[in-house]
Amino acid sequence: HPLLTLSSRSTTQQRRADPASHRPPWQMALSRAQTNSGESLISSTFASRYVRTALPRFRIPEQSIPKDAAYQIINDELMLDGNPRLNLASFVTTWMEPECDKLIQNSVNKNYVDMDEYPVTTEFQNRCVNMIAHLFNAPIGEDETAVGVGTVGSSEAIMLAGLAFKRKWQNKMKAEGKPHDKPNIVTGANVQVNY
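Per my numbering, the sequence shown runs over residues 17 to 211.
Honestly, the hints are just simulated from the structure, not real lab data.
Treat the hints with caution; some may be incorrect.
Unchecked claim - The calculated label-pair distances, taken between Cβ atoms and stated as ranges, are:
no.	residue 1	residue 2	range
1	T138	V202	50 to 60 Å
2	A162	F74	40 to 50 Å
3	N103	A191	42 to 52 Å
4	N142	P82	24 to 34 Å
5	G166	G204	24 to 34 Å
6	R183	A205	24 to 34 Å
7	G98	N125	24 to 34 Å
8	K194	N127	21 to 31 Å
9	P77	K194	56 to 66 Å
10	I76	V163	41 to 51 Å
11	F74	Q208	50 to 60 Å
12	Q79	M175	35 to 45 Å
13	Q79	C116	38 to 48 Å
14	N153	R75	48 to 58 Å
Model, not experiment: these values are computed from the prediction.
For every residue, glycine included, the Cβ atom is placed at its ideal position computed from N, Cα and C.
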């Protein structure tokens, strides 16, 4: 049984009104501003003792709700996501040592882009970049520093690497006076899905 229900519209009606709700998985999900908040409401079964009326899905409610009810509503909806432990077909790690989880929890409120505020975190990132560079025998000397950046996952990493590769290719083709607008990238069947 669904933990959260949409009131006043069926799934078929939703799909007709919002074609993006059944887009193919390879298309990027872009958020759009929703103007008619009255048609799409969240009514949570388990938060009903705290919340007497359905909550708007795309606007901040007029009245506040208890923090435990807000947690329950969001947590219930997140349960509809896939379970990472059951994901054996993509590029995810489903388990880490508890000490790694603690480090993540201790750092979750840091803004990694602010290198002046968090210099040690930046130093750890640079160390990891160099460890990986040496692991894969990057052509750098012992006293040289590898160039790289930390990402939140493999999809972001391969996208940034692909963009860097494309820019390097474009610069090379421009220098040779050749067309640089249509790269020909050949991949195997096992290519990372981000391509």
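Cβ separation of N153 and R75, checked against the hinted range 48 to 58 Å: Holds: the Cβ-Cβ distance is about 54 Å, inside 48 to 58 Å.
Status of the given 35 to 45 Å range, CB of M175 versus CB of Q79: holds, 41 Å
Range hint compliance [Cβ, T138 to V202, 50 to 60 Å]: violated, 36 Å
Status of the given 24 to 34 Å range, CB of G204 versus CB of G166: holds, 27 Å
Outcome for the supplied range 56 to 66 Å, where the beta carbon pair is P77 and K194: With a Cβ separation near 58 Å, P77 and K194 satisfy 56 to 66 Å, so the hint holds.
Satisfaction of the hinted span 40 to 50 Å by the C-beta atoms belonging to A162 and F74: Holds, at about 44 Å.
Cβ separation of R183 and A205, checked against the hinted range 24 to 34 Å: holds, 26 Å
Assessment of proposed distance window 50 to 60 Å (beta carbons of F74, Q208): violated, 33 Å
Q79 paired with C116, Cβ distance criterion 38 to 48 Å: Given a distance of about 40 Å, which is inside 38 to 48 Å, the answer is holds.
Cβ separation of K194 and N127, checked against the hinted range 21 to 31 Å: Given range 21 to 31 Å: violated, Cβ gap about 42 Å.
Cβ separation of N103 and A191, checked against the hinted range 42 to 52 Å: holds, 43 Å
Consistency of beta-carbon spacing, V163 to I76, with hint 41 to 51 Å: With Cβ atoms ~42 Å apart, the hint holds.
Hints 1, 4, 8, 11 from the list above are not met by this structure, while the remaining hints are.
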